[in-house]
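Please model the complete structure; the sequences and the hints are all you need to start from.
With the UniProt record's numbering applied, the sequence shown corresponds to residues 1 to 233, in that order.
Among the clues, some could well be false.
[Unchecked claim] Straight-line alpha carbon distances no greater than 25 Å define the calculated PhoX-like cross-link-like pairs of lysine-lysine that follow: (1) Lys57 <-> Lys160; (2) Lys163 <-> Lys89; (3) Lys89 <-> Lys118; (4) Lys89 <-> Lys160; (5) Lys118 <-> Lys80.
Hints listed in this document are in silico derivations from the structure and should not be mistaken for laboratory results. No experiment lies behind these values; they were computed from the predicted model shown.
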Amino acid sequence: MTPELHKALLQAYYASISCMDAQVGRALDALKEKGLADNTIVVFTWDHDYLLGHHHKYQKQHLFEEATRVPFIISVPWLKDQVGRGNTKTTERVDPYPTLAELAGLPAPDTLQGANLKPLLADTQSPSWKQEQAFTISRGGGEFIPTADWRFTQWGFGEKGRKLYDLKKRPRRIHKPGKKSIVCLGGEDAPDATDRQTRCSRLQAESGSDFRQAWQHQTNEVITMAGVSSGCK
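Quick look at the structure:
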């Protein structure tokens, strides 16, 4: 990666953010002009972020925070006492469907995997909200489970190494000499790491997938998108 190309990538990334921000503004202005703002739920989010030289890597296919943490904003006009309030609770990309169905008074199929976020929207500091999940990436067999204070990550389905990050000491997961930000899975920290590894295995079992089947199939350089795991039959 040359300095010139790195600079061009940064410029393109910032330009795309500025363009998207402008389009969101146009949509919100249109709602106000048409008198729909007080009766419209707005959700702002996306599926992943992007590494731009962080950890000496680029693109999205990594389990570092810069690639996995994304904005998730829900504006519900009739929940005015919660406007502008945020939290660090864990949610998933499958949660908006049942949430929007509930807020709009529509029936939601019993087969939905997502959680209804309405209780969390009504009380952003709700102590009863607990949700756990495993984030995965098919290339490299990477998996991680995050909490507010810790982040358990394993690569190659655990065969290429495991790490337990202390997010309070090193929120960006950059190891520095003398700072115990990356915890070896042994000693006094072993129980905590073992617990997260057990949770990861349990979540895999509950989902019916061990994440070892990639989403792509390739035959003679032709990629197809057909069934991806036994759980999809």
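- Message: Checking each numbered hint in turn, tell me which of them this model violates, lowest number first.
- Response: The structure conflicts with hint 4 only, although it agrees with all the remaining ones.
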